[in-house]
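Peer 1: Sequence:
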Amino acid sequence: MAISKRVKNAGDGSVEEEKTFLDSATEKQRGGSKPANRDCEECDSFFTDECEVHGPPIFISDSPAPLGAPSRARLTLPLGLEVRVSGIPGAGLGVFNRDQRLPVGVHFGPYEGELTDEDEAIDSGYSWM
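Positions 39 to 167 (our numbering) are the ones given, in order, by the sequence shown.
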């Protein structure tokens, strides 16, 4: 399945149409759960399932990697993304796109991680509470 999305060129601000091809795992991820309520990334309108103007959000699944594998987070990155030190002082590591432009509104995941106690989470720049 392919979804066409408008993509803004960061260099000159022009808008182009780009097709994103989704794998079957992505479709299962979207189809297996009840509809989510969201705001469109492009026009900020509220929707359930998909925006009437811009269509459904795009989901890109993680690359498969065995549980417990060393550097599993890096192994699960979708093609074209990499982990490296951020240019923002004190920000630590981040995920960066090294290949093609990403469509507006693309979602990655699911987010996975290890459970930690509250004190450890507070001290980490990589935790949500």
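No lab work stands behind these hints, which were simulated from the structure alone. You may find that some hints are simply not true.
[What the hints assert, rightly or not] Per label pair, the in silico range of CB-to-CB distance:
id	residue 1	residue 2	range
1	V91	E152	35 to 41 Å
2	G93	L117	18 to 24 Å
3	L117	F84	15 to 21 Å
4	E152	G125	34 to 40 Å
5	R112	V144	30 to 36 Å
Fair warning: this is a prediction, and the values are worked out from it, not measured in the lab. Each residue gets a CB set at the ideal place from its N, CA and C atoms; glycine is no exception.
Peer 1: Each hint: holds or not?
Peer 2: These are the hints, each one checked on the structure:
| no. | hint | verdict |
| --- | --- | --- |
| 1 | V91 x E152: 35 to 41 Å | holds (40 Å) |
| 2 | G93 x L117: 18 to 24 Å | holds (23 Å) |
| 3 | L117 x F84: 15 to 21 Å | violated (32 Å) |
| 4 | E152 x G125: 34 to 40 Å | violated (27 Å) |
| 5 | R112 x V144: 30 to 36 Å | violated (19 Å) |
Checked against the numbered hints given earlier, this structure breaks hints 3, 4, 5; the rest are met.
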